[in-house]
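Q: Each chain, letter by letter, is given below.
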Amino acid sequence: MIEREVIVGHRLGLHARAAARVVQLSSQYQSAISLTRDDRGNRIEADARSILSILLLAAAHGSALLVRADGTDEGAAVECLCEYIKG
Amino acid sequence: MKEERIIRGVMASAGVAIGRAIRTFDPLMISYNFHIPQSETSKEVARFRASVEKSRRQLERMQAELRQSRIPESSFLVDAHLLILQDKLFVDRIVETIQERAVNAEWAIRQVSEELYEAYDRLQDDYLRERRGDLEDIVRRMLHNLRSKSSSTLPSLPYDAVLVGKTISPSTLFELRANRVSGIVTESGSPLSHTAIVARSLNLPAVMGVQDLSGISPGDLVIVNGTRGMVICNPDPSTVREYRQRMKQAPSTHRRRDAHIPAVTQDGIRISLGTNINFSEEARSAVETGTEFIGLYRTEFDFFKDGCKPTEEDLMAQYSRVLRAVRPAPVTFRTIDVGPDWNTRDGTGSSLSSRGLRFSLENQDVFKLQLRALFRSSRHGRMRILLPFVSTIADLDVALEIIAGVKRDLSRHKNSFDKEVPVGVMIETPAAAHTCDLMASRVDFFCLGTNDLIQYYLVIDRSDQSATHLYNPFHPAILRCLHQVYTLLQYSGRPVTVCGEMAADPAAAAVLLGLGFTSLSVSLAAYPRMKEAIGSLSVGRLRELAGEIMKMESPKDVEDRVRATIA
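Residue numbers (the working numbering), protein chains in the order written: chain U, 1 to 87; chain V, 1 to 567.
Possibly wrong hints are sitting among the right ones.
With a straight-line cut-off of 27 Å between C-alpha atoms, the simulated DSSO-like cross-links for lysine-lysine are [unchecked claim]:
| id | chain 1 | residue 1 | chain 2 | residue 2 |
| --- | --- | --- | --- | --- |
| 1 | V | K368 | U | K86 |
| 2 | V | K309 | V | K407 |
| 3 | V | K248 | V | K309 |
| 4 | V | K54 | U | K86 |
Per the computed footprint, the stretches of chain U lying under chain V, defined by three or more beta-carbons under 8 Å from a beta-carbon of chain V, are [stated by the list, open to error]:
| id | stretch |
| --- | --- |
| 5 | 4–16 |
| 6 | 44–50 |
| 7 | 70–84 |
Calculated from the model, a selection of chain U residues having no Cβ within reach of chain V, i.e. all distances over 10 Å [stated by the list, open to error]:
| id | residue |
| --- | --- |
| 8 | M1 |
| 9 | L25 |
| 10 | Q28 |
| 11 | Y29 |
| 12 | Q30 |
| 13 | S31 |
| 14 | S34 |
| 15 | T36 |
| 16 | R37 |
| 17 | D38 |
| 18 | R40 |
| 19 | G41 |
Because the hints were derived from the structure by calculation, they are not lab data.
For each residue, glycine too, the CB sits at the ideal point set by N, CA and C.
Bound conformation, chain U alone:
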């Protein structure tokens, strides 16, 4: 399992279009991928292949996300998602 923290660089945060793109990117990998946001001690986790859960993360511009992947292509998956999320 690999995890890395990334700051959301999209000015609108992970809104509809960006969330859709995250789902499309995650679907290219075999690994299970999750995004976790720490909301003042309250950890919210989203499945990176679920657009509804990503929207519910409410990850605004500048918020920190923990990208975690577990599986055969976990390295590439984390790399690719962090690259996109940081904008």
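Starting from the known structure of chain U, arrange chain V on it as the hints suggest.
A: Then chain V, alone, in the frame of chain U:
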């Protein structure tokens, strides 16, 4: 016989429609919930999966059509819907609910979606909360597909219909395109909603945010005046006649044979006639109507479309699209004008004292972001930049310095842009009207915004419906003001275009031509009517008329005199 009644909402898509009301109902309300025998759950899951599959096919078909249509930009809405259909959080949980609780698919869909709605409602972010609408749209579609065999939601109609409902989803609008739906009235929604965007791209007049729809029964005759944000229920026959007459004069959605013949008065004076737009999607319709130029693009609607500050790239894409659609004709981009009645949705509320340019000077990050996007897209066509609500020379100088700074910065970073983009001032405050000659040496052009000018000259509160009768372009003070502006600018060599409602009323426009103005810009809906009206006017006669009305004391006498002359 029911009485004529006017209800007000907000303008969401311009134009006028007359039709019989069709009340849309929410199918969520009439799905039945029941338990099923445990042995039947796999059959129920199969029924549910079939409805998902059917929904997916419908959406894919819609997406393909959209990509080929003249509004490919809207297809991203469908992308989000398709992803929801594949979403485990949603689909798998519904399947689990059917299996574990032994309930019918409709009940399971409702249960899972209600939990998600609650989660959305708890979000702090206005924009994200609005995305609940996408989920509702998909739920509606699935429930519908579970129930019926046919895929059409509305039978073909024997008459022109106006859809009236609490909310109407964007996908419903796409599907009803072929039907005789001529207009939309909704309780929820705003010009920023997806439904409004789709309505505009389909040229369907729409009024949203209407408070009391309960008085409209199915089959009632209604007039949707999208341009004014007004709905007339059970109009009197005379009102219908008046509107039909007006619509006959304005077949704005179709390309006219004479579209590209310029507007010329009876005595051969060439008048430039442009179009005002509020949304980037309207640019193409304006070109099809034969507009000579976009005299005013009010950029704040698109700017705040997503509910918060857009990215420079998004803005550039939008601005380039408008410029390309209209070129070689010029487009005047008015920088964002946030008024007192405007909620920007990102916490930057505004009062009258910080309108227009003042807002931009107080929020320079927003102003610079827009300027950068404007300049960086300037090579895609002919751009002009217009500063709204200028009231002091000092403010203007600060704004011009910011513009120069943005240009220097872009040059330093080797960005390609048109260095000669003209910059102009919108004359819409009494202060600007009286000092435009002092501003003339600093800028390249002027626009005259008569709506605000009249409002501030005559002291009228726009939000007060009972004060609308006070608004009068024929008031002697307005005539004198316009005459003064024309005279002050005459020797400056700076062109001026009149952009307010005044230019869209034949009688008021006649006054403008009589005073010497030769460039007007009007709404899309008014364009064909004004072009025709100009052809029947004689500037020579209007000059004499201007001399006469200048001496009159009462607005009523002025108006009567003008109407008698042009009749």
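Q: For the pair we were handed, V:K309 and V:K407, check the Cα-Cα distance against 27 Å.
A: holds, 21 Å
Q: Do the alpha carbons of V:K248 and V:K309 lie within 27 Å of each other, as the hint requires?
A: violated, 41 Å
Q: Is the nearest CB of chain V more than 10 Å from the CB of U:S34?
A: It holds; U:S34 is separated from chain V by about 12 Å at its closest Cβ, greater than 10 Å.
Q: Mind checking, does the stretch 70–84 of chain U have 3 or more residues with a CB under 8 Å from chain V?
A: Contact hint for the stretch 70–84 of chain U vs chain V: violated, 0 residues under 8 Å.
Q: Hey, is U:M1 genuinely clear of chain V, shortest beta carbon separation above 10 Å?
A: Given a closest Cβ separation of 20 Å, the condition holds.
Q: Tell me if chain V covers the stretch 44–50 of chain U under the three-residue, 8 Å CB rule, please?
A: It holds, with 3 qualifying residues against the three required.
Q: Can you confirm whether chain V covers the stretch 4–16 of chain U, using C-beta to C-beta distances below 8 Å and requiring at least three such residues?
A: holds (count 6)
Q: Find the nearest Cβ of chain V to the Cβ of U:Q28 and say whether that gap is larger than 10 Å.
A: Answer for U:Q28: holds, closest chain V Cβ roughly 14 Å.
Q: Was U:R40 rightly flagged as not at the interface, with every chain V Cβ beyond 10 Å?
A: holds, 12 Å
Q: Taking the closest pair, is the beta carbon of U:S31 still more than 10 Å from chain V?
A: Given that every Cβ of chain V is farther than 10 Å from that of U:S31, nearest at about 15 Å, it holds.
Q: Is the claim that U:Y29 lies outside the interface with chain V correct, judged by CB distances over 10 Å?
A: holds, 15 Å
Q: Does the structure keep V:K54 and U:K86 at a Cα separation of 27 Å or less?
A: Not satisfied, since the Cα-Cα distance of roughly 37 Å exceeds 27 Å.
Against the hints set out earlier in the document, violations occur for numbers 3, 4 and 7.
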